[in-house]
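Based on the provided sequences and hints, a complete structural model is requested.
So you can see what is in the structure, the chains are spelled out below.
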Amino acid sequence: MSQHDTHDDDVMGKAFDARLMRRLVHFLKPYWKMFLVCVLLILVLSGVQIGLPYITKIAIDDFLTLPWAVVTLDSAPHVGDPIALDEGRYLVRTNEVPADTRKRWELSGALTAKRYLFVPQGSAQEAVASRYPEAFTPVPGGSFASEEALRTLPAVDTIALRQGAITGVIRLAILFAIALVIRFLFGVAQVYLLQLTGQKVMYDMRRQIFAHVLRLPLSYFDRTPVGRLVTRVTNDVAAINEMFTSMLVNLFRDAFLILAVIAIMFHLEWKVALAILALFPFIVLAAFEFRRRVRSAYREVRRQIARLNANLQESISGMRIIQVFVQEIKANERFQKINVDKYSASMRQLLTFAVFRPLMSFLSSFAVALVIWYGGRNVLQGSLSLGALTAFIQYVRMLFEPILDLSQGYNVLQGAMAASERIFILLDESEEDRGGGEKIGNLQGKIEFRHVWFAYKDENWVLKDVFFTVAPGSSVAIVGPTGSGKTTIIRLLLRMYQIQKGEILLDGVAIEKLDLAFLRSRMAVVLQEVFLFSGDIMENIRLYSEIPEEEAMEAARFANASFVEELPNGYQTEVKERGVTLSVGERQLLSFARAMAFKPQILVLDEATASIDSQTESVIQRSLEKIMEGRTSIVIAHRLSTIRKSDNIIVLHNGKIIEEGTHEELISLRGLYAALHALQFAEG
Amino acid sequence: MLLLEYLDTVSTDYTALIVIDKSKPSVQRQPWRKMLRVLAFVQRHKRQENVARSGHSLSGIIVITRTFKLRLFLFRVRSLSMDRLTGWLWRYRRRVLFGFLSLLVVDGAALIVPLVIRGAIDRLASGEGGVLTSGLYIVGLAAVVMLFRFLWRYFLIGSARQIERDLRSKLYQHLLRLSASFYNEHKTGDLMAHATNDIDAVSRACGFGVLTIADPIFMIPVAIGIMLSIDPRLTLYAIIPLPILTVFMLGFGKVIHRRFEVVQEAFSGLMEKVRENVAGIRVVKSFVQEEGTERDFAATNSTFIDKNMALVRMWGLFEPLIELLGGATMAIVLWAGGISVISGSISLGDFVAFSQYLMMLTWPMISLGWAVNIIQRGRASLERINRLLAAEPEIVDSPHPQATHGSKIEIKNLTFSYPSRDGNAPALSNIDLKIEEGTTLGLVGLTGSGKSTLVRMIPRVFDPPPGCVHLGGEDVHDLSLAVLRGMIGFVPQDPFLFSASIAENIAFGNPGANTDQVQQAARLAGIHDEIIAFPEGYETRVGERGIALSGGQKQRVAIARALLLVPQILIFDDPLSAVDAEREAFILSNLREFFRGRTAIIIAHRLSAVMHADRIVVLDKGQIVERGTHAELLARGGIYRSIWDLQQAEREVNGEPA
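Protein chains in written order, with this note's numbering: chain A, 1 to 684; chain B, 1001 to 1658.
None of these hints come from the bench; they were simulated from the model.
Don't take each hint at face value.
Quick list of the computed label-pair ranges, beta carbon to beta carbon [as the list claims (entries may be wrong)]:
{"hint": "1", "chain 1": "B", "residue 1": "ASP1190", "chain 2": "A", "residue 2": "VAL340", "range": "43 to 53 Å"}
{"hint": "2", "chain 1": "B", "residue 1": "HIS1400", "chain 2": "A", "residue 2": "VAL340", "range": "35 to 45 Å"}
{"hint": "3", "chain 1": "A", "residue 1": "ARG23", "chain 2": "B", "residue 2": "TYR1418", "range": "30 to 40 Å"}
{"hint": "4", "chain 1": "A", "residue 1": "ASN309", "chain 2": "B", "residue 2": "LEU1228", "range": "30 to 40 Å"}
{"hint": "5", "chain 1": "A", "residue 1": "GLY473", "chain 2": "B", "residue 2": "HIS1186", "range": "52 to 62 Å"}
{"hint": "6", "chain 1": "A", "residue 1": "VAL340", "chain 2": "B", "residue 2": "LYS1187", "range": "25 to 35 Å"}
{"hint": "7", "chain 1": "B", "residue 1": "ASN1197", "chain 2": "A", "residue 2": "LYS33", "range": "33 to 43 Å"}
{"hint": "8", "chain 1": "A", "residue 1": "LEU669", "chain 2": "B", "residue 2": "ASN1514", "range": "52 to 62 Å"}
{"hint": "9", "chain 1": "B", "residue 1": "GLY1637", "chain 2": "A", "residue 2": "SER618", "range": "17 to 27 Å"}
{"hint": "10", "chain 1": "A", "residue 1": "GLN572", "chain 2": "B", "residue 2": "ARG1592", "range": "52 to 62 Å"}
{"hint": "11", "chain 1": "A", "residue 1": "LYS337", "chain 2": "B", "residue 2": "GLU1272", "range": "30 to 40 Å"}
{"hint": "12", "chain 1": "A", "residue 1": "LYS337", "chain 2": "B", "residue 2": "ILE1217", "range": "33 to 43 Å"}
{"hint": "13", "chain 1": "B", "residue 1": "GLY1087", "chain 2": "A", "residue 2": "VAL25", "range": "36 to 46 Å"}
Here a beta-carbon is modelled for each residue, glycine too, at the ideal position from N, C-alpha and C.
Structure (structure tokens):
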């Protein structure tokens, strides 16, 4: 049944808008220091992240492999602490030979891949070496052994010979552990701080939006569904928070990580780095294409879920109708169709993931293979160390995650931009006019409507030239058919809407000149449909004001709402969501109590038409008479008793006052009121 | 004769429908699957045997083969185990099996890669070449991994999606069968939660949960086996932190989940706070409570922040701690493995391969803990869904539906209490009432006097005790529900409309109706003129996404919906309360022609709506206190008379001029 389920909220625009961003940053300003600390922490974290594979690289190159090699040259080299073996052959410390020199030697065949251990004369290891004359060849300044020869030695002796390397590895392992602890501590601090900042920003935004919403003119609420405003304050703010906390900060981290990895790869060997970078465009392309598809698939899934939930919700609430009209089969067909649509959408989403995720990891493995092949050739040529090669393998893996993350960031950014656009449109709505600020010291309660014209929209006049006066302390009943403009009069008096022509005066002062809060606080309004807030009865009587409990109870008793005292928890009884536990009549009485608690000079009342049993009816009637006593009252009246007791009756028809006077006057006038009266009487 | 016995316990009726012939093997052999389907059908409808009568027929000859007994047994076992996750997975066993096999291939190929790297490094260390071959091996393995990763995702996660689809479908069909009393006791929100969150949890358990359990089962032993073959001592050192990871995830996952739920709750609280204040904005503004409301909101707002930070305190530890423990294994490898390389007991290639295996192990060890949580949650959710599925519909179809004779309604000594409100006085007591075919009954009484309850007994929205309510000479329990309800055009108090076009709503009970018929019904209900005044006329959508109809408009659409059924019986439960008296009178006089020849019950608040009825009954506290025609009741001077007088006085001022 429901084909039109697309939310206008789902429409996505561009991912970046400088104007919106500037306004968003405004919210961040109070917390910029915290934000900065987060970014700094992230820089440190990325540094540590990059450092870990490098520690392994050092361990491999300096300690796990033997450092000495034999080079055949015409004259002794200037680098690598050369030790002359015999004519033209020198033992050199390879890790101290510059890469280009090494490479030259490699290419000319002067340097071989074989590695040796050199034990200098007078060192602690000399004693061990001297026990294996078949392995160690004496040279000036010490003795040396090949890797193969060393393997023949028992492990204890190998360890003794290489004590220095072992100490070095242990030191590096400790360094590695320290780096881990730093990463842990900084990582925890970073997450906590970032979230705290985000939450504080959210708190401020929600507060500001909510405060703004409360002060919007009623005309805004008339044209905006409740759900939309709820979304602004809750979900839209959450989308922006996600951008601040996950995306913006990750952007720094990912960008920094990518740059750092690329830099360190170039430092290790620029040719291999360049080869990896050649893959970069494919990876980025695949990542962004993946995100694009995921995005559209995800949106489709969301749309189908919304349809499914809407259908389900409606089926459950309308189950009685479905069953009574014997439409179970049809309802089931409809549901199953949506269910299958949702299934297909989620399968499409699954396929996207199933294709792209493995593809990304294939690309990552491909890069590793490239490192092994091309890097391996460089190792053989001597321009890349083995440690650097293994580090390369790890760095390649490190390069991939941030790219995927970054492409994800685009989605978040787009969502946040759309959300902030909606929020700013709301914040740019002008608030209702708070009035001229005047207050009346000793309010009498005289109300005058002078030639008031009003239309909710354009020139569709709801009130036309309405003119009447309510003397202080007197009551006026407004009578007329639905749509004649009765409720509008009440709304205008409270300045819920601005009139187009004419004047409304309170004690002779135009209400626009009065302070809005002052104006409204002098009047108590009882609306036809009683709105109860969640919370207990006491809270519903005094709302958020400082009215003492005792006074609130007094007001309740005065308004005949004594039923409250018979409830198990008295005034502390919770009125569950929308006050379902209370009857219509009881709610009406509660609203009288609420009105009384605020001690108004003027009472504005829209009499309930809802069906109430006669006993409650008479209680309400008596209560009504009591609360109107001695107050200026404007009542939209439905009950004859209320009308008769009013000092004045206004008969409204199509926004115009046709007749005015007391019941007797109007009857004797033989006009519409009388005709109405007679007609009703005769027909019955 | 197992099957015959089985069918006997189900229903004797079906033995006649299904021919079971073991002695004649020449009869067409059906695959056992089909037989089971027939059998399942029988089983499903054992309480609704009218299915056969209402058009469905069982045409299929079951031949009992030797293996049938076994199949039947398996079928029963399987339908029992449907209450469990494994039962659902069994249903898609082929896909799940393919998924598992693909997973094995992926893991196998992935486990070879470090060995290739080891070979390459060792050859490089000794100055040999052959790196191109190694590179090609890796690319080849990666290609295999890619292909089979696609397959396991497709098969395993795909079957979870199918389970989700089927479970939701099953739940919905069950909901369609449940009675009004069930919906009185269960909140819509809770039912929605079962149909969304719980089903999601089951789906996650069947897909991601099963995957993350299956993956480590193969991966961990093989990886550890290879590592042991490289260096047993080093392996023991290095894997020490890993079980800690799993245990940590187990406990941690639970705490995080709990806190996450608290955050969700706080978020709902926040939403509700905003919703409430926006909905009550008139009150807020009238009583100048903007600042107080703001203060109150600030409290809710900061509660939400607090709950969020409580989650962050745990969740913020999560990733760093995993990285710490995962990193610790690497530090151990660097230390102990480094010494092993130096002492010559392992090669450099071994060292690199070792670290790669450890990296591969970290994730499965983490996810193992995670998966246990996910599966536990899925199981709990499935249990909740099963409880819902176990709820038996209270109102079930008659096993031997009778035909009705006319539309006379007879209520004999009916006493009824709502099951959920025990202790209170019965909602209806000792009601005796006869509504002759073709007559109209007016039902009058104060709020809560039992009028709505009484009329709901007739279409069995609530079930009357047997023998009390008769329609066309038969107890309503002896009629097929579809037939019974199909006879009645019901207009409920609350005119529920679906979010669809007005035309679709009117044709709800009679989807085959043409435009003319729909418009005719709307005219009769006095709503046609207002509908064509909308820009899109009858195609105007109502409900959430459409226009908001007024209460009176909704009520009249609901009337049109009932009229379009052209029912033999009409029940109006105060359907014009939101329409003014003038229009009510106008509509009812229009309908008088339609009512001719039909049996009708009209509940109304305004007596003007029932005064023309053939008979009027006054209910008070669940009992009939007065009955007669309008004139008789006025003359009697009882409750009816006093309501009449009151309303007359009110009408003096309340009506609209013509």
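Consistency of the hints with the structure:
1. For ASP1190(B) and VAL340(A), the Cβ-Cβ distance of about 26 Å falls outside the hinted range of 43 to 53 Å, so the restraint is violated.
2. In this structure, HIS1400(B) and VAL340(A) meet the distance hint of 35 to 45 Å, their C-beta atoms being roughly 36 Å apart.
3. Checked against the hint of 30 to 40 Å, the C-beta distance between ARG23(A) and TYR1418(B) comes to roughly 56 Å, which is inconsistent with it.
4. A C-beta distance of roughly 52 Å is found between ASN309(A) and LEU1228(B), which places it outside the suggested range of 30 to 40 Å.
5. In this structure the hint that GLY473(A) and HIS1186(B) lie 52 to 62 Å apart at CB holds, the actual value being about 53 Å.
6. Checked against the hint of 25 to 35 Å, the pair VAL340(A) and LYS1187(B) passes, with Cβ atoms roughly 28 Å apart.
7. For the hinted restraint 33 to 43 Å between ASN1197(B) and LYS33(A), the CB-CB distance of approximately 40 Å keeps it satisfied.
8. Distance hint check for LEU669(A) and ASN1514(B): the Cβ-Cβ separation is about 53 Å, which falls inside the suggested range of 52 to 62 Å.
9. Checking the proposed 17 to 27 Å range against GLY1637(B) and SER618(A) shows it holds: the Cβ atoms sit about 20 Å from each other.
10. A hinted range of 52 to 62 Å holds for the C-beta pair GLN572(A) and ARG1592(B), which are about 53 Å apart.
11. Roughly 33 Å separates the CB atoms of LYS337(A) and GLU1272(B), a value that falls within the hinted 30 to 40 Å.
12. Between LYS337(A) and ILE1217(B) the CB atoms are about 39 Å apart, so this pair conforms to the stated range of 33 to 43 Å.
13. For GLY1087(B) and VAL25(A), the hinted distance range of 36 to 46 Å is not satisfied, since their beta carbons lie about 55 Å from each other.
Consistency with the previously given hints fails for numbers 1, 3, 4 and 13, ordered from lowest to highest.
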